[in-house]
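Number of protein chains: 2
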Amino acid sequence: MVSPLHAAPTVLHGVHCGEVGLRHGLITLERMGLSTDLYELTMAQAFLEAGIADRTATFDLSIRSLPHTRGYLVTAGLEQALAYLRDFRCWPEALDYLERSGHFKPEFIDFLGSLRFTGSVDAVPEGTVYFPPGPLLRITAPIIEAQIIETYLLTTITYQTMIASKAARVVDAADGRAVIDFSPRRDHGPQAGLLAARAAYVGGCIGTSNVLANERFGIPIYGTMAHSFVMFHRDEEEAFRKFAASYPGDPTLLIDTFDTIEGARIAARVAADLPEGRKLAAVRIDSGDLLTLSGAVREVLDAGGCHDTQVLASGDLDEYKIEGLLREGAALDGFGVGTQLGTSGDSPSLSSTYKLVACDDADGRETPVIKLSAAKISLPGRKQIWRDYDADGQPAGDTVALADEQRDGTPLLEPCMRDGALVASMPELGEIRERARAQRVGLPDEIRRLSEPAQYPVANSQKLDDLIAQLRHR
Amino acid sequence: MVSPLHAAPTVLHGVHCGEVGLRHGLITLERMGLSTDLYELTMAQAFLEAGIADRTATFDLSIRSLPHTRGYLVTAGLEQALAYLRDFRCWPEALDYLERSGHFKPEFIDFLGSLRFTGSVDAVPEGTVYFPPGPLLRITAPIIEAQIIETYLLTTITYQTMIASKAARVVDAADGRAVIDFSPRRDHGPQAGLLAARAAYVGGCIGTSNVLANERFGIPIYGTMAHSFVMFHRDEEEAFRKFAASYPGDPTLLIDTFDTIEGARIAARVAADLPEGRKLAAVRIDSGDLLTLSGAVREVLDAGGCHDTQVLASGDLDEYKIEGLLREGAALDGFGVGTQLGTSGDSPSLSSTYKLVACDDADGRETPVIKLSAAKISLPGRKQIWRDYDADGQPAGDTVALADEQRDGTPLLEPCMRDGALVASMPELGEIRERARAQRVGLPDEIRRLSEPAQYPVANSQKLDDLIAQLRHR
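Protein sequence lines, in the order shown, are assigned to chains W and L.
When we follow the numbering used here, the leftmost residue of the first sequence carries the number -1, and every step to the right adds one.
When we follow the numbering used here, the leftmost residue of the second sequence carries the number -1, and every step to the right adds one.
Derived from the structure by calculation, the hints contain no laboratory data.
Treat the hints loosely; a few may be bogus.
If chains are identical, the list can't say which one is meant, so a pair holds when it fits in one copy or spans any two.
[As the list claims (entries may be wrong)] Mimicking SDA-like on lysine to any residue, the simulated pairs with C-alpha atoms at most 25 Å apart in a straight line are:
hint, residue 1, residue 2
1, K103, E403
2, K277, R98
3, K103, D248
4, K461, F256
5, K461, D386
6, K277, D257
7, K319, S345
8, K103, G247
9, K103, I50
Looking at chain W on its own, in the form it has when it is part of the complex:
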């Protein structure tokens, strides 16, 4: 028998699914404040009633550990996290809803109406190579603010970091060849597609098929054609000619709708008839034995004079398949990677956490706190991550230290917000992508390898270990 864990709240909106009532399921700015777990709101109300809503707390947003196939992660999503914090508020629509729910007291709803994020954020910049479990973000704010933002920050940072990290692996496997994000149709909803395009670009893809990602973020977009386009025409040649005539640039033709080699021959014929100044950019193969086909297609293209035409592969690719194809000598110049990239197929989640690490006591003194329950020990106190480099400039180890320690090396967390306002100018997306590239290629090979990567050394500072011992003892 199904027993509710507590009485279900009144269902506020019957779902009126006549024509008027069909719901899109979009997140709008006005309802962003409701995109949260219920407990964030009930805890906030409890903090307010207990008169401790203003007491300062510090939370770490961290990743607990690497998925077992990952040697490193690439951070992404900070821009969206900061945009959320900058614009955080409960709009009248949201307040009305909370009031109608009957579960929140008028004083709390009034309080929410004027609530803004007034705290501090320090964060590891986007495009940084990161190793758990140090903090990716550190938030210091009145407890009620710091708590209520948890859900949105976690989903925003975790997803993009996961996808940027996956993209870095795929790009590494492609060994200098182009990788394009083809994932929008298989990502976890339309917004996931938009965020995946951004994160994939940070991770090293040259662009995406997602038009909105160009409009929103300026990410280069690429496109080819679908099998349906070929099938809708009398034959492949007519389809190719019509497409080439209309295409706003050098076209890429999809050649595997019927017979890939024959498709390549037709593509070469169409290329030969292109007007002066235009060329066949690429052909795409989406099925079959990509190793054999790519070599045969290359020969057909070369024989037809299409030496500059690239051969692009797609069709459920990932870093493992791409590495295998290239190791065997596939004549491929680029890859459209969809499902496995945009869902991080072999590891579709990260063990992200948002933990209280310090709070003011009744006298306003900041006090580090620790959670000691089984196998999930948190790192107490405000912290910084320091990275050491060896003589060749390669990262040689990270130390998670207390924030007030002075150490050698490079501190990873940088100030982003103070008193709720941005204090750093945010880098352009291209700059973030270049940082990720430079840091990735600077990693030791054994950390970058796709399978069974070596473990990068991350240690606590002596002072942090002393603090942990002291808090455990207590």
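Please arrange chain L on chain W, whose structure you already have, making use of the hints.
Chain L only, in chain W's frame:
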């Protein structure tokens, strides 16, 4: 060397990431039309230029095959797909962007400005038990409309169907106990969290922690408390008392912040002091050996007179862990399931496709078409899925037939839109959920089992097989 596959289009928006420029990455109604793959637009332009934009085409949205751990799928997401089709248009913001891109001709942009979806949709209703590879949706519309909607339809239907299907397994494993979606923080972005809550409810969860899912869809919401709430107070008892005093209903207390058994004792003490008419709804255990702890906690609660207080588990659970815990006799009454539910962790994608199956020839006669390339054969023509039932009312097999065949059994696809307008009143979400439940429990056990499920029989009708043979021969 990275070589673009075709010249990257001008980057339209430099990303101005000063305070003003921080971008949220939300999908708004005004920009929904740009949430698509570039090739949908370039193909559309080619159709228009070729003068065949109005020619009618039929596409199937299908799932190619079941993930190997799944015996069946539960359909979801149709409401959002239909809302998209109903409201499809390119708003001035989107048209301005496309114009500035320089890649589309003025006539095409004008055409897009007045483009609406004017076609027909037949679909398997939400909450239906579905077996690949028959059509989930069948779209008949002028080719340019039918093509351009591909990306959004695929991501919308695929994600929710995947999550509803995962939820059904988790709910089955819980064997009558409550399952709540706790996934918002680990889903693939905020919108994924909202859609996951909806799909999880369709699949049988009793509700979600996602507040927005209550506001948008009327889904019951549940919440407990976070470790940070306990850690922020002087001790567990103070935290529990403050929380219980403020909570708008019977509270659930999280008891594993320090020592789970001691936490249960404190919770029972706090319960004993609750005012008349209120009780401790549940305690939640989020870590440790859930089998041993749940039994010990149950004893503590019973000894303290909390016989009605439920024991809820959370912490990286999935259907396999839940089944194992219950088989061993864990004293658990409900489960909060997050990451693995909202990402469909063991199978985070479905092999969904959107294939042209028929199109009008130059004389306006509908002609079935087929794609024959390696290992990816499409089913040609307008089709219907017919379900047979055995004497006990259990589904006994599906037949994928041509739409004009009359057969025994129950047809699964129902008319949804004609001439771009809804023609069926959409069911309430509760009705969809009940349909999914009834169909799920009506399945043979061997189809429902969590590992190595038996294969449900799906066959083509003789007429469909004849058509395939005829088209292959041609």
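Hints versus structure:
no.	hint	in the structure
1	K103 - E403	neither (44 Å within a copy, 60 Å between copies)
2	K277 - R98	between (62 Å within a copy, 24 Å between copies)
3	K103 - D248	between (62 Å within a copy, 16 Å between copies)
4	K461 - F256	between (67 Å within a copy, 23 Å between copies)
5	K461 - D386	within (18 Å within a copy, 70 Å between copies)
6	K277 - D257	within (22 Å within a copy, 70 Å between copies)
7	K319 - S345	both (16 Å within a copy, 18 Å between copies)
8	K103 - G247	between (60 Å within a copy, 12 Å between copies)
9	K103 - I50	within (17 Å within a copy, 60 Å between copies)
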